[in-house]
Structure formats: C-alpha cells, structure tokens
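Participant: Listed below, chain by chain, are the residues.
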Amino acid sequence: MTDKRLSEAARPMPEQITYANLLFLAVWVSILIMFITYFIYVTGIMEPHVPMEAVLQNWNLSVHDYLHNTDSPHGLGWLRLLNTGDYLNYVGLAILALITILCYLVLLPGYIRRKDRIYALICVLEVLVLSVAASGILGAGGH
Amino acid sequence: MCGVLTMVEVFLRRVRFLLAWVLGLALSHPQAAFAVHDVTRAESAHAWWFWPIILFFFCFVLGVIAVLAGVGGGVLFVPLVSGFFPFHIDFVRGAGLMVALAGALAAGPGLLRRNLASLRLALPVSLVASACSIGGAMLGLYLSRLNPNLIQVCLGATIFGISLLLLFSKNTDKPVVNKQDAIGLALGISGVYRDQATKELVEWKTHRTLFGLILFIFIGVLAGMFGLGAGWANVPVLNLVMGVPLKISVATSKFLLSITDTSAAWIYVNNGCVIPLMAIPSIVGLMFGSLVGVRLLAVAKPKFIRYMVIGVLMFSGLKALDKGLGLRILG
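Top to bottom, those sequences are chains Z and G. The number in this note's numbering is simply the position in the first sequence, starting from 1, with 236 added. The number in this note's numbering is simply the position in the second sequence, starting from 1, with 109 added.
If you are wondering where the hints come from, they were derived from the structure by calculation, not from laboratory data. The beta-carbon is built from N, C-alpha and C at its ideal position, and this holds for glycine as well. Do not take every clue at face value.
Said to hold, decoys possible - DEER-style ranges, computed between Cβ atoms:
| hint | chain 1 | residue 1 | chain 2 | residue 2 | range |
| --- | --- | --- | --- | --- | --- |
| 1 | Z | L315 | G | F320 | 40 to 50 Å |
| 2 | Z | T320 | G | R303 | 26 to 36 Å |
| 3 | G | R303 | Z | F271 | 45 to 55 Å |
| 4 | G | K412 | Z | R353 | 41 to 51 Å |
To be verified - Some, not all, of what chain G presents toward chain Z, calculated at C-beta under 8 Å:
| hint | residue |
| --- | --- |
| 5 | F193 |
| 6 | H197 |
| 7 | L210 |
| 8 | N256 |
| 9 | P257 |
| 10 | A306 |
| 11 | K308 |
| 12 | T371 |
| 13 | V383 |
Pulled out of the complex, with its shape left as it was, chain Z reads as follows (with noise of 0.2 Å):
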C-alpha cells in the first residue's frame, strides 16, 4: 500500500467519530443524572421504595430473598418505580447501559451504504442480542 492510501486507512470511518460523539454525550450526562438522582435519593425529596434500614437489614441475603424481603421488582419492573427515590436511579444506569444498542444503529446506515452485508448483519444481531438482553425476558421470572 503506499503512504497516502495507508494515512487514509488509519484514519476512522465518519460514523465511528458519531458513535464516539454520542457515547461521550451519553456517559457525561448519565453521570449528571445519576449525581442528581442520588441526591435526591439520599437527601430524601423523594420517598425510597425500599427504606435505607431495610436496605441495609438485607444487603447480606441473595437476590432472591432480598427482593423477597423488600417488596422490589424484578424484570422491567423498575419502570413502574421511577416515582420513588431509589428506582429514580436506575435512568442513568440505564442511559449507561443502553447507550450501545443507539451507537449500533448510527453504524449500520454507514455499512449498508459500503455494500459490507457482513458487518451489517453483525450489527443488526447485537442490537437484536442488547435488546433481548435488556427486555427483561431472559431470566427475570424467577422470584
């Protein structure tokens, strides 16, 4: 390869410097909204679901007795709860943990574009394998 087509190699693709943009804006603002909330959590403007002694009181047990104990939800259940201090957390772990499946949505219009059907077929699967993932129908019926 000679120097200028190696440069123009090394350099990424328009929609890598988007996804890079968007994961940026995503996580500083996830941990905006996670400071906020966990203000508002542990100053007490809102009321918890759980109490913070209950909390404590059953931190030592499994997940199962804990949720048990604590009347809390599981699966998407914690959508419902976003009134209460403790859920009202869980926007920015969820801005955190959803940001990917929207950074491989901006790639894939970039791979259709180039014909690269490979790439386009791996993005389509792990937006389908985040989203399954984060449906909540794998493995959150057992409590």
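The hints should help you fit chain G onto chain Z, whose structure is shown.
Facilitator: Chain G in isolation, oriented as in the chain Z frame:
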C-alpha cells in the same frame, strides 16, 4: 522557575509515596484501612451513609490502581468488595458489571476517535462475547441461588488464575502474522494505525481468528458469570492468539467491554441485582479514581503497582476460595 519545579517534583514524590502507602494498606488488607471485617457482623450499627462513603473512597482508590496497573475496575472490585464488605455476592457482581461498563464507556470515545479501537475487530468478537455473557450471567445467578459458596469458589479459582495470567503472560508489541486466515480475510479484520512513538504507520491483520472467536465464548461466559469485565482475558487472546498489535489489542479490549458488559449488565439489572445505594458510589468513585490515575500515570511506577495488584488479586482469590470452602483460615 527552577525552584518551583523542584517544589512540585518534591510534592509529587510525597504524594506518590503517600498514595502507594495508602493503596498498599487499603488493598492488601482493607480491614486494616476501614475496619470493615468486624463491622460486617454488625452492619446495622452504622448509619446508612457509612457504607456508601466507605465504598466511594474504596472505589476511588481502586480506580487509581486499576489505571496504573493496566487492569479493568471490575476485576479488582468484585473479589475485594465481595471479600471485605457485607454485601451478598449477587449485588457485588451486579455493581461490578456496572462499574466495568461505566469505565469502558468513558474510555470508548477517545479510543474510537484516535482509531485505536478497531471496529472491524471489535464487532464480530463482541457479538460472540456479548451473547455468551448473557448465558454466563444467567448461569451465575442460577448457581448463586443453588449455593452462593459455589460462585465464591469459582470466583476464587478464576481470580487466582487471572493473577497467574497477569504474572506470566508476555504480550508482544507487534506480533508477526505472515498469512491471514480465511475467516479473518472474509471478515476483513485488518487495519492501519499510527504509532505515536515512532510516527510510523503500522499495518496489521489477524490469524487463528476462529480459535480466537471460540475463546471469546468462554471470556463472555466468565465476564457475565462473575461480573468481572474481561480485559484481563481480551488482551492476551487478541494479542497472543490472533496476532493483533498490543496497542490495538488494549484499546479494542477496553471498547469491547462496553458491549460485552452491556448485555450481562441488563440481566443483573432486570434480576434486581443492582442496589443504587451501593452501585452509584462505586461507579462514581471508580470513574473519578480512573481520572486521577490517568494523571498519575506520568509520575507513577506502573511496574511496582502491577506487581502489587497481582499480589492483591492472589490474596483476594485465596480469600474467596477460603470463604467459599468455609475454611475461614484467612478470617
């Protein structure tokens, strides 16, 4: 000007010494630093804010150490917090995955912009690892429900194995790949990067791609099962097995974690294994620690810290084994 520089140098040396002392104390025996061990039996004696504060500072120190030692936060967080804090291992693994995920996501933008994390390499590998980490997370939760000691023993053996891997693996800067294999070629897993040290453009390609992908099945399972992140395994497989240059391996590994850990993290979140009271201070503490660690990297002695971390991992692996087998030799 010269005097100011000398003062700064002396100050940094003192800070480094103090930090090494505190870190050594905190990590080699966290009970000594926080008197945690005795308190675990009477955690209700403390106000609710005691543990989040301790956890924040503990994770801050872990964040500094992790960067200096070149390991992910999760691999230190899970064995140490499960060994010395009063939380059940289910919640430690849930928080550990969120910690590893946050660290990987924070590092991602820089690695992608500089084209050090290769998407052509990361995408196929992460598909395998993330799908398998879901299985690992489900298996881990099932085993934990069956008998938590089973997970402690497996975790102890894995952590001890990781410490040996870190001790003995000799990564290669630029492995020689004479001929790319068929799968690597079909997927187009190759690239070019600019070596900042020599300013030269380096071309790379993979070999043994299928074997590498098979190994990522196990890496995914282990990452999900123990909530460890998996940088400790990603780098040797990418570098030593698949022949990817070390810089690309390290960067791609960190980026990979942001995908692998996402799928496993959702399994833990949806199973109720993430308690905000302990997870948020852990994530924030470790991220701030990582930022400080990056700044200290220029003045620290990473080799010494790396050996210290290997020692700590060995000890925490043995501690988890001791706890899981019910021997109670290590307290």
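Participant: For each hint, tell me whether it holds in the structure or not.
Facilitator: Hints and how they fare:
1. Z/L315 <-> G/F320: 40 to 50 Å: 42 Å, holds
2. Z/T320 <-> G/R303: 26 to 36 Å: The hint (26 to 36 Å, Cβ to Cβ) is violated, given that Z/T320 and G/R303 are roughly 50 Å apart.
3. G/R303 <-> Z/F271: 45 to 55 Å: 37 Å, violated
4. G/K412 <-> Z/R353: 41 to 51 Å: Since G/K412 and Z/R353 have Cβ atoms about 46 Å apart, the given range 41 to 51 Å holds.
5. F193: 13 Å, violated
6. H197: Holds. Min distance 5 Å.
7. L210: With a minimum Cβ separation of about 6 Å from chain Z (threshold 8 Å), the hint on G/L210 holds.
8. N256: 10 Å, violated
9. P257: Cβ of G/P257 sits 6 Å from chain Z, so the hint holds.
10. A306: Because about 15 Å separates G/A306 from the closest Cβ in chain Z, which is outside the 8 Å limit, the hint is violated.
11. K308: 12 Å, violated
12. T371: For G/T371, the interface hint holds, since the closest Cβ of chain Z sits about 5 Å away, which is under 8 Å.
13. V383: 6 Å, holds
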